[in-house]
Amino acid sequence: MPPKKKTVKKNVKKSNTKKKTDEGRNELEEKYKQSELDVTVLKDHLALRGDLTKHAQSLCHDLRSRIRDMEQELRHERLDRKDVCTDLTHQYKTMQTDMTMKVKRIGEEVTLLREQLVHCQEKLSAERKEREQMQQEKDATIAELQNKLDNMEIDYEKILHDTLDSLTSNLAKARLQWEKESMSSHQQYKELLFDFGLNSMDI
Numbered sequence: 688m689p690p691k692k693k694t695v696k697k698n699v700k701k702s703n704t705k706k707k708t709d710e711g712r713n714e715l716e717e718k719y720k721q722s723e724l725d726v727t728v729l730k731d732h733l734a735l736r737g738d739l740t741k742h743a744q745s746l747c748h749d750l751r752s753r754i755r756d757m758e759q760e761l762r763h764e765r766l767d768r769k770d771v772c773t774d775l776t777h778q779y780k781t782m783q784t785d786m787t788m789k790v791k792r793i794g795e796e797v798t799l800l801r802e803q804l805v806h807c808q809e810k811l812s813a814e815r816k817e818r819e820q821m822q823q824e825k826d827a828t829i830a831e832l833q834n835k836l837d838n839m840e841i842d843y844e845k846i847l848h849d850t851l852d853s854l855t856s857n858l859a860k861a862r863l864q865w866e867k868e869s870m871s872s873h874q875q876y877k878e879l880l881f882d883f884g885l886n887s888m889d890i
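For what it's worth, our numbering labels the leading residue of the sequence shown as 688, then goes sequentially.
To be clear, the hints were calculated from the coordinates, so they are not data collected in a lab. Glycine included, each C-beta is placed from N, C-alpha and C at the ideal position. Only true hints are included.
DSSO-like cross-link-like pairs, simulated, lysine-lysine; straight-line CA separation at most 30 Å:
no., residue 1, residue 2
1, 810, 791
2, 825, 835
3, 816, 835
4, 860, 877
5, 730, 718
6, 845, 860
7, 825, 810
8, 769, 780
9, 730, 720
10, 845, 835
11, 730, 741
12, 791, 780
DEER-style ranges, computed between Cβ atoms:
no., residue 1, residue 2, range
13, 788, 811, 29 to 35 Å
14, 761, 727, 44 to 50 Å
15, 755, 731, 34 to 40 Å
16, 750, 789, 51 to 57 Å
17, 839, 875, 48 to 54 Å
18, 782, 758, 32 to 38 Å
19, 783, 825, 56 to 62 Å
20, 724, 760, 50 to 56 Å
21, 796, 762, 45 to 51 Å
22, 748, 783, 48 to 54 Å
23, 825, 805, 28 to 34 Å
24, 782, 816, 45 to 51 Å
25, 783, 824, 57 to 63 Å
Kindly produce the complete structure, drawing on both the sequences and the hints.
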């Protein structure tokens, strides 16, 4: 009975060893399959990386070309800007020179106009004083003439009154004289009529 047990144990050991060997093979196969899968994935990845690298190189070439073009455009723009700056500087200097000359000319004109203004103001002041003096003299002459006129009016009025009084007096005297002469003539005519036998009352 004991030897049978040993046989069973040997068979168990063999069976275990076989199982271990199969398991090792299975593991190796799985590792190999996994390695193949990894290699395939890596190849795909490398291919993708290659495509990406080519695309990146193409983009890099395009970018370099664009950078060269942009640098050339930038050089042209800098040259154009330099030309524009030079032209603007020249225009600015020309304008500044013209403006300086214009300011100088306007300053001279302002100085001349100020002198003319001072001269005109002095002339105006002198004319104003002269006019005021003439106005004062004129007012004094008018006042004097008005005074003389008033005195003449008074004198003429007095002469007129005296003349009228004298005329009235002379008229009164003439009237009395005329009345006397008339009465005398009337008396003479009455006497003549009476001498002729006529009555004056009848006539």
